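Colleague: Below, each chain spelled out in residue letters.
Protein chains: 2
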Amino acid sequence: MTELNFDTKILIVGLGVIGGGYAKALTYRGYKHVRCITKEPKDVDYAIAHGMIEYGTSEIDEALIAESELIVFALYPHVFREWVEDNQHLFSPGTIITDVTGVKSGIVREIQAILRPDVEFISAHPMAGREKSGVEYSNAEVFRGANYIVVPTDKNTENAIAICSKLGEELGFAKISELSIEEHDEMIAFLSQLTHCIAVTLMTSNSSDGLEKYTGDSFRDLTRIAKINDLMWSELFMQNREALLAEMDSFSKKFNEFREMLERGDAEAMRSKMRLASNRRELFDKPTK
Amino acid sequence: MTELNFDTKILIVGLGVIGGGYAKALTYRGYKHVRCITKEPKDVDYAIAHGMIEYGTSEIDEALIAESELIVFALYPHVFREWVEDNQHLFSPGTIITDVTGVKSGIVREIQAILRPDVEFISAHPMAGREKSGVEYSNAEVFRGANYIVVPTDKNTENAIAICSKLGEELGFAKISELSIEEHDEMIAFLSQLTHCIAVTLMTSNSSDGLEKYTGDSFRDLTRIAKINDLMWSELFMQNREALLAEMDSFSKKFNEFREMLERGDAEAMRSKMRLASNRRELFDKPTK
Numbered sequence: 001m002t003e004l005n006f007d008t009k010i011l012i013v014g015l016g017v018i019g020g021g022y023a024k025a026l027t028y029r030g031y032k033h034v035r036c037i038t039k040e041p042k043d044v045d046y047a048i049a050h051g052m053i054e055y056g057t058s059e060i061d062e063a064l065i066a067e068s069e070l071i072v073f074a075l076y077p078h079v080f081r082e083w084v085e086d087n088q089h090l091f092s093p094g095t096i097i098t099d100v101t102g103v104k105s106g107i108v109r110e111i112q113a114i115l116r117p118d119v120e121f122i123s124a125h126p127m128a129g130r131e132k133s134g135v136e137y138s139n140a141e142v143f144r145g146a147n148y149i150v151v152p153t154d155k156n157t158e159n160a161i162a163i164c165s166k167l168g169e170e171l172g173f174a175k176i177s178e179l180s181i182e183e184h185d186e187m188i189a190f191l192s193q194l195t196h197c198i199a200v201t202l203m204t205s206n207s208s209d210g211l212e213k214y215t216g217d218s219f220r221d222l223t224r225i226a227k228i229n230d231l232m233w234s235e236l237f238m239q240n241r242e243a244l245l246a247e248m249d250s251f252s253k254k255f256n257e258f259r260e261m262l263e264r265g266d267a268e269a270m271r272s273k274m275r276l277a278s279n280r281r282e283l284f285d286k287p288t289k
Numbered sequence: 290m291t292e293l294n295f296d297t298k299i300l301i302v303g304l305g306v307i308g309g310g311y312a313k314a315l316t317y318r319g320y321k322h323v324r325c326i327t328k329e330p331k332d333v334d335y336a337i338a339h340g341m342i343e344y345g346t347s348e349i350d351e352a353l354i355a356e357s358e359l360i361v362f363a364l365y366p367h368v369f370r371e372w373v374e375d376n377q378h379l380f381s382p383g384t385i386i387t388d389v390t391g392v393k394s395g396i397v398r399e400i401q402a403i404l405r406p407d408v409e410f411i412s413a414h415p416m417a418g419r420e421k422s423g424v425e426y427s428n429a430e431v432f433r434g435a436n437y438i439v440v441p442t443d444k445n446t447e448n449a450i451a452i453c454s455k456l457g458e459e460l461g462f463a464k465i466s467e468l469s470i471e472e473h474d475e476m477i478a479f480l481s482q483l484t485h486c487i488a489v490t491l492m493t494s495n496s497s498d499g500l501e502k503y504t505g506d507s508f509r510d511l512t513r514i515a516k517i518n519d520l521m522w523s524e525l526f527m528q529n530r531e532a533l534l535a536e537m538d539s540f541s542k543k544f545n546e547f548r549e550m551l552e553r554g555d556a557e558a559m560r561s562k563m564r565l566a567s568n569r570r571e572l573f574d575k576p577t578k
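Protein chains in written order, with my numbering: chain A, 1 to 289; chain B, 290 to 578.
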């Protein structure tokens with residue numbers, strides 16, 4: 001394919017909270033041929049009932065796959081790899097495939113290495129996860145104002161990169177960026193994985209037991225993401241272990257510096273840190289929807 | 290005073306984001322005599338223009354103070370103490386005073402020690418801070434569904450405790466609890482102060498520099514409170530230093546345990562922590578407004 005438009009035949013594989021969000025966003029935007037393959041027949045029924053897709057099935061529908069010009073994989077990393085191995089003979093030449101995987105170092109080069117040479121995989125990461133899983137929690141609105149990252153390698157063409165970027169725009173993302181695999185995984189170790197480690201730690205420390213009737217919003221905010229899909233996140237952590245360990249160590253070091261300021265009663269040093277934090281945080285506000 | 294009702298003459302001292310929220314909540318609820326004393330004349334003008342108060346002034350209005358039955362102090366801790374020292378001769382006998390201070394060990398016994406014996410101070414903590422300061426950001430809605438903690442000592446009467454609890458109900462808080470000074474400060478070190486230390490650390494680590502165009506909501510959530518009033522929070526941290534240091538150490542220990550699970554590749558141990566975190570976090574969801 002050379003262009004993404006309302007007539008493009010798009011197949012979403014895996015209709016969970018993210019795949020479902022893609023289906024809604026594209027169909028509501030005007031894309032006429034958004035289809036899906038997903039494991040549970042009830043999820044197909046849900047998507048049809050909610051006008052999210054043109055067609056869906058829980059089977060490996062050979063004609064459907066062959067007809068697809070753009071295929072989006074919204075699966076766990078190891079399931080994604082197996083699916084491609086088992087079914088890539090059904091792709092048509094020229095098909096572009098993309099994904100939503102949260103860690104890139106393992107999966108991207110693996111898929112590109114095993115993939116047929118007449119099909120191109122361009123990887124992307126929509127930065128809009130939810131703490132709930134399942135298609136019934138999918139929501140196209142979460143992409144509005146959010147960030148979308150394209151992760152090309154030297155195997156990718158300008159055409160595929162442009163199509164993948166346009167997909168991000170069409171989904172409603174506010175900022176589309178490009179990062180290398182290494183840049184992406186280092187960034188994600190800090191912004192996403194470290195924050196999940198902190199939330200889980202806060203929520204499982206003895207001090208948090210029974211405190212729900214005293215809490216304010218600070219603690220609620222810092223632990224919202226402690227409602228975590230343990231299977232998916234432990235897999236993502238393991239795939240990015242070295243980068244995440246480095247970010248955890250760096251955080252501990254900085255946290256300890258702050259602790260020492262407090263211990264020696266250095267209010268000025270704490271205030272200086274707080275002012276830097278306040279100023280930097282301004283930049284991270286989400287654009288108004 | 291022996292009863293809080295719509296005719297009670299209430300004085301709010303310090304019309305910032307919390308004092309302003311109290312004024313709005315009480316006036317909109319039906320309280321007829323909500324008045325204020327605050328430093329800036331423009332804040333009085335704002336409150337009058339928005340129908341938040343019956344009367345306000347930036348002066349030490351002797352008649353106003355003498356007439357007040359319930360006085361709420363929404364000031365920085367050190368300003369609160371000075372205000373009481375300078376002006377308590379103007380209180381009428383039987384007046385009840387309360388506060389919104391975030392740390393109790395320093396201020397409560399200090400105030401109770403210097404206070405006239407015919408006036409009673411009952412301390413409270415509304416768990417509904419905002420990252421913005423100033424009366425123009427005040428909002429009575431933030432109290433809905435939130436927690437309110439009364440912190441009595443052996444100097445308090447049942448009457449004052451009941452009035453202070455009723456104030457919390459009238460403001461719209463969902464859960465009213467009682468804690469001792471020590472319980473309160475230990476709880477606040479964990480739920481509120483530790484979380485602010487984490488947010489500031491995340492926001493001032495080198496890794497966060499320039500990452501705004503890649504971020505997702507996890508990092509935004511964990512750093513919302515990094516927009517911090519540095520003067521107030523450094524004062525609160527110093528007033529609760531020992532408890533906060535203990536919570537920081539406890540967090541570091543648990544965080545390091547998680548790091549070790551990741552380093553040795555123990556996905557099962559990580560998953561077990563994540564499941565505990567998810568289950569516990571359910572309890573912390575805010576009641577629907």
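Just so you know, these hints were derived from the structure itself, not from any lab.
Note that the structure is a prediction, hence the values are computed from the model and not measured.
All residues carry an ideal CB built from backbone N, CA and C; glycine is no exception.
Any given hint could be a false lead.
Unchecked claim - With a cut-off of at most 25 Å between alpha-carbon atoms, the simulated DMTMM-like pairs for lysine to aspartate or glutamate come out as follows: (1) K175/A / E531/B; (2) K286/A / E183/A; (3) K421/B / E183/A; (4) K213/A / E531/B; (5) K502/B / E282/A; (6) K254/A / D498/B; (7) K166/A / E501/B; (8) K328/B / E531/B; (9) K421/B / D221/A; (10) K421/B / E186/A; (11) K328/B / D443/B; (12) K254/A / D285/A; (13) K575/B / E557/B; (14) K543/B / E69/A; (15) K253/A / E471/B; (16) K286/A / E524/B.
As the list claims (entries may be wrong) - Quick list of the computed label-pair ranges, beta carbon to beta carbon: (17) K464/B / K175/A: 51 to 57 Å; (18) H367/B / K166/A: 37 to 43 Å; (19) S381/B / R275/A: 24 to 30 Å.
Stated by the list, open to error - Computed far set for chain B versus chain A, every beta-carbon distance over 10 Å: (20) L404; (21) K455; (22) D498.
Colleague: Which hint numbers doesn't this structure obey?
Modeller: 1, 3, 8, 10, 11, 13, 14, 15, 16, 17, 18, 19 and 22
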